[in-house]
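Just need the whole structure built from these sequences, with the hints factored in.
In order, the protein sequences belong to chains L and P.
At position 393 of the first sequence (counting the first as 1) the number is 393 in the numbering used here, and the numbers step up by one without a gap.
At position 40 of the second sequence (counting the first as 1) the number is 1040 in the numbering used here, and the numbers step up by one without a gap.
Be aware that a few hints might be false.
Looking from chain L toward chain P, a few residues come up when the C-beta cut is under 10 angstroms (computed) [what the hints assert, rightly or not]:
id : residue
1  : Ser-235
2  : Ala-261
3  : Lys-380
4  : Ser-419
5  : Ile-446
Here are the simulated DSS-like cross-link-like pairs (lysine-lysine), alpha carbons at most 25 angstroms apart as the crow flies [to be verified]:
id : chain 1 : residue 1 : chain 2 : residue 2
6  : P       : Lys-1209  : P       : Lys-1178
7  : L       : Lys-393   : P       : Lys-1262
8  : P       : Lys-1276  : L       : Lys-193
9  : P       : Lys-1270  : L       : Lys-380
10 : P       : Lys-1036  : L       : Lys-390
11 : P       : Lys-1276  : L       : Lys-233
12 : L       : Lys-380   : P       : Lys-1280
13 : P       : Lys-1270  : L       : Lys-387
14 : L       : Lys-233   : P       : Lys-1041
15 : L       : Lys-372   : P       : Lys-1002
16 : L       : Lys-393   : P       : Lys-1002
17 : L       : Lys-387   : P       : Lys-1036
Derived by calculation from the structure, the hints in this document are not laboratory data.
Where is the CB? At the ideal position from N, CA and C, for every residue including glycine.
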Amino acid sequence: MKNDISIVLSGEAGQGIRTIELLIIRALKNSGYNVFSTTELMSRVRGGNNTTEIRISNKSIQSFVDKIDVLIVLSKNAIFRIENRLSKNTIIIGQDSFIEDKYKNGSYKIKDIALSSLAKEVGGLIYSNVIVLGLLSGILDINLNLIKDYITSHFSTKGKTITENNINAIIIGYEKGKEFKLEIQIEENETVKNQVLLNGTESIAIGALAGGCNFISAYPMSPSTGVIQFLAKHSEEFGVVVEQAEDEISAINMIQGAWYAGARAMTTTSGGGFALMEEGISNAAITETPVVIHIAQRPGPSTGLPTRTEQGDLNLALYAGHGEFPRIIFAPGNFTDGICLTQKAFNLAAKYQVPVIILTDQFYIDSFQNIKSIDFLGFKVENYITKTDKNYKRYKITEDGISPRGIPMHGDECIRFDSHEHNEDGFITEDYDIRTKMVDKRLRKIDSISNESIPAEIIGSKNYKTLVVGWGSTYGVIKEAVEVLNDNDLAFAYFKQVYPLPNNTKEILSKAKNRIIIENNATSQFGQLIKSHTGLEFNKQILKYNGMPFSLEEIIKKLKKIK
Amino acid sequence: MKTNFDFDQIPETDWCPGCGNFSILKVLKQSLDELKINPKKLVISAGIGQAAKTSQYVNSNCFNGLHGRALPVATGIKAANPELIVIAEGGDGDMYGEGGNHFIHAIRRNLDIVNIVHDNMVYGLTLGQASPTSRRDTKTTLQLDGVYLEPFNPIAVAISLNASFVARAFSGDMNQLKEILKEAVNHKGYALVDVFHPCVSFNKINTFKWFKDNTYYVDENYDNTDKIEAIKKAFETDKLPLGVIYKNEKNKTFNENLNAYKNDNRPLYKRKVNLKKVEKLLLTN
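Rendered as structure tokens:
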């Protein structure tokens, strides 16, 4: 019995790999297996080569692995890009004509399935993906009725014939899978059945709803768009205003208008779109309008690699906007944190009236995983709205820098927000003294914000001599690597709040003799931030910026070498 | 006469003596007052420029944001609280230049607001450069040999996008301006009021007299619901038409299309999220 297997589906865009992924991971989770899946896509709608990796394990997992136990080949030219990930143990399943001769030299176990002709028997090539779904179900010994139910509900709107054909496709694939007698069995875990399965996009969108989000405006940009699409789907049920803006500039300004009038609003974008929002961020800062911004990073500069992953926009988030002002930046590394931090982002934005940024990336956003469910009644939606009276001053100078926020039609006073430097009443001023006081007032908020910064989570040995530091989506791979290495001297500090740095950052870093920073970027932006705030440097860097996430093997190998 | 929209203490404006903005400010306050609008229900979303400063001089709610961005802010405000009366106000550079893309899309959304654009065909706050509506050959401090760009035609653009209310007024005729503004405020749907006004400091061509000589009012028999007739008006050049040029009340407003108001007409701030329901969404995901 193996307790950790990796299945890779490799084919062209438009072949329905996504459908296989969605249905098989659901079936696996509901059968009691931990699952993790991640997709790497070429930036095209048809053709090319895309791969989806599905990991199945007896323990909770969240990282990409290089190894391929089973490779399903769905088209020609689907192997060469991942050739170096194959081993003698890899089982390659596919139509004979899809597998180039050079792989048939006995190095790999090859199982032939006449996918095209089987699909044609069912009703056309379009059924190929569902045959593969059946095949995987057979190999993995998933209950056939369970998968049939999923198919029926998945294709419920497509009519009887299509549903029937798909059921036939499932059965044909399933029998074929059984025929192969691969006997892949993984230890089941009853508790997993009650867990929830979601992807990064859903973690952000659900977290937003839990934070009371009732307004989203965004301009579509991969890989961030799923968040607004998810909220659009649920807009009626949850009363969310959803608007596709004409550009990112509009989106960031629209959500400020919404917060001004009492909504809890967010936008979702990627680095390029966020760059267009910079002036808007600055406007939110001086008008002290709360904003929540989700940035799903992808490799830049400019168009870069639109469908790939990178942690290259931390500096952009840190320094975006002209002028000097506080902000908060979260970087969830797992979906539980994605939900909880996005939920919290709305409360903090409302409380401090500053931009709150949630930094994710393509790898985080497009991956699926099962997690324990969360007690939503533990969440509080805090609005920090003041009912105004005649003494109300919008920009009242206060000790902690927070001026109570009123909204129009709630109380006795009119509400004036101003992008110029302004006096306490919100009117233009050029008075030097007031200017200095207002800058100080706004910057004073950083102290309270810092005091409630979320500390880094330490994973591994408490008495570490070597500390690995990571943030955001590298959480899963570093955690698993540290667990695999199981070294008494080694620990991992996972930062989910990257700005302001948690107050104990210096303390946890000073304890280590050896400090290693791992980042999915080329210049170690977080390492630089830590250095500038604590004076502490990292002895070693593990950086990757080819557009792919780190693999587990890669991190283990590099940590072994440099530790 | 003092209106509900005047402050107890009259703020010092930074407009030049004789500026058309004074008349627009005065008429705006009078119009709102005559319509018995509660200042607490009114929000002016303004950009940056001499025209946008109007928002600083009206005693009401106000979001005086970025240059060019009054319309997106107004969109957010109106969508978050449909009970508010929202005016997006700024100059020709603010609305048609920096904010040109938002102008197009606010019209397409049929956002239920009044969009007042002070159109003096020149940049005032930055001291005299060409604006999107500057006529060809106008010499400025930057366009030394004269403007060679085709002037932006907001009326034609708005009509072509099937805007729900398109009007043009002249600050020199305060009575007509007031009538048009009042009609615009009462109108359900997006209402553009492009207001010609002279810039006494930087535009020596399009003066008070020039506007007086080069404009006329559409007559009583003019059918402003006829799109083709309206487009013809919009392209007239000998004399520029004033009045309500086009009206189209067929389309739903932006808010009427929002799912957020399908089952609940309360403003967003009065609602509470049902966390149990969000949890269920995750569990059944």
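Against the structure, the hints:
1. For the restraint placing Ser-235 (chain L) at the interface with chain P, the shortest Cβ-Cβ distance is roughly 4 angstroms, inside the 10 angstroms limit, so the hint holds.
2. A distance limit of 10 angstroms between C-beta atoms decides the matter here; for Ala-261 (chain L) the minimum to chain P is near 4 angstroms, and the interface restraint holds.
3. Interface hint status for Lys-380 (chain L): upheld, as the beta-carbon distance to the closest one in chain P is roughly 9 angstroms, under 10 angstroms.
4. Because the closest C-beta pair between Ser-419 (chain L) and chain P is about 5 angstroms apart, less than 10 angstroms, the hint holds.
5. The closest approach between the C-beta of Ile-446 (chain L) and any C-beta of chain P is roughly 24 angstroms, which is over the 10 angstroms cut-off, so the hint fails.
6. For a cut-off of 25 angstroms, the pair hint linking Lys-1209 (chain P) to Lys-1178 (chain P) stands: about 20 angstroms separates their Cα positions.
7. As the CA atoms of Lys-393 (chain L) and Lys-1262 (chain P) are separated by approximately 35 angstroms, the hinted pair breaks the 25 angstroms bound.
8. The hinted pair formed by Lys-1276 (chain P) and Lys-193 (chain L) meets the criterion: a straight-line CA distance of about 21 angstroms does not exceed 25 angstroms.
9. For the hint linking Lys-1270 (chain P) to Lys-380 (chain L), the alpha-carbon distance of about 16 angstroms falls within 25 angstroms, and the restraint holds.
10. Between Lys-1036 (chain P) and Lys-390 (chain L) the alpha-carbon distance is near 22 angstroms, which keeps this suggested pair within the 25 angstroms criterion.
11. Only pairs whose Cα atoms come within 25 angstroms are accepted, and Lys-1276 (chain P) paired with Lys-233 (chain L) is accepted, the gap being roughly 18 angstroms.
12. Straight-line distance between C-alpha atoms of Lys-380 (chain L) and Lys-1280 (chain P) comes to about 17 angstroms, which keeps the hinted pair within the 25 angstroms bound.
13. At most 25 angstroms may separate the alpha-carbon atoms for a hinted pair to count; Lys-1270 (chain P) and Lys-387 (chain L) meet this at roughly 13 angstroms.
14. For a cut-off of 25 angstroms, the pair hint linking Lys-233 (chain L) to Lys-1041 (chain P) is broken: about 32 angstroms separates their Cα positions.
15. The hinted pair formed by Lys-372 (chain L) and Lys-1002 (chain P) fails the criterion: a straight-line CA distance of about 64 angstroms is larger than 25 angstroms.
16. Between the alpha carbons of Lys-393 (chain L) and Lys-1002 (chain P) the distance comes to roughly 24 angstroms, so the proposed pair stays at or under 25 angstroms and holds.
17. Distance hint between Lys-387 (chain L) and Lys-1036 (chain P) is fulfilled; the C-alpha atoms sit about 24 angstroms from each other, no more than 25 angstroms.
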